[in-house]
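Sequences are here, hints too, so could you generate the full structure?
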Amino acid sequence: MPSKTVAVGSSVGLHARPAQLISEAVEELDVEVLLGLPGDEPVDASSSLLIMTLGAGPGDLVEVTSDDQAALDAIVALVEKDLDAE
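First residue of the sequence shown? That's 0 in numbering that gives the first Met the number 0, and the numbers climb one at a time after it.
Rather than coming from a laboratory, the hints here were simulated on the basis of the structure.
Under the rule of at most 20 Å between Cα atoms (straight-line distance), these lysine to any residue pairs were calculated in the SDA-like manner:
| # | residue 1 | residue 2 |
| --- | --- | --- |
| 1 | K80 | Q19 |
| 2 | K3 | L60 |
| 3 | K80 | L20 |
| 4 | K80 | S2 |
| 5 | K3 | E40 |
| 6 | K80 | M51 |
| 7 | K80 | E26 |
| 8 | K3 | L71 |
| 9 | K80 | G12 |
| 10 | K3 | L33 |
| 11 | K3 | E79 |
| 12 | K3 | D43 |
| 13 | K80 | Q68 |
| 14 | K80 | V5 |
| 15 | K80 | G8 |
| 16 | K80 | G56 |
| 17 | K3 | G56 |
| 18 | K80 | P57 |
| 19 | K80 | S10 |
| 20 | K80 | L60 |
| 21 | K80 | S45 |
| 22 | K80 | L28 |
| 23 | K80 | V11 |
| 24 | K80 | T64 |
| 25 | K3 | A73 |
| 26 | K3 | D81 |
| 27 | K80 | D59 |
| 28 | K3 | A76 |
| 29 | K80 | L33 |
| 30 | K3 | L77 |
| 31 | K3 | P41 |
| 32 | K80 | E23 |
| 33 | K80 | L36 |
| 34 | K3 | D66 |
Just so you know, these numbers come straight off a predicted model, no measurement behind them.
Written as structure tokens, this is what we have:
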């Protein structure tokens with residue numbers, strides 16, 4: 000599966016609100032998207048709880064993986080954005 004490694008843009012990391020916004024976006028895309036810390040087992044990005052278990056903080060690198068390039072690009076953009084600032 001294609002993947003891209005990006006830095007977490009949210010000032011609180013991938014905690015409650017950013018995780019919820021990312022998981023909702025994945026649900027709307029209706030394709031498999033995985034998130035993981037490089038070298039660790041990825042989690043299903045449609046679950047905000049699983050995203051939060053990554054423990055990714057601001058600036059941490061996260062690998063986004065999906066067979067769907069448009070979904071990959073959309074979720075990469077969300078991970079890079081400060082979702083807590085909205």
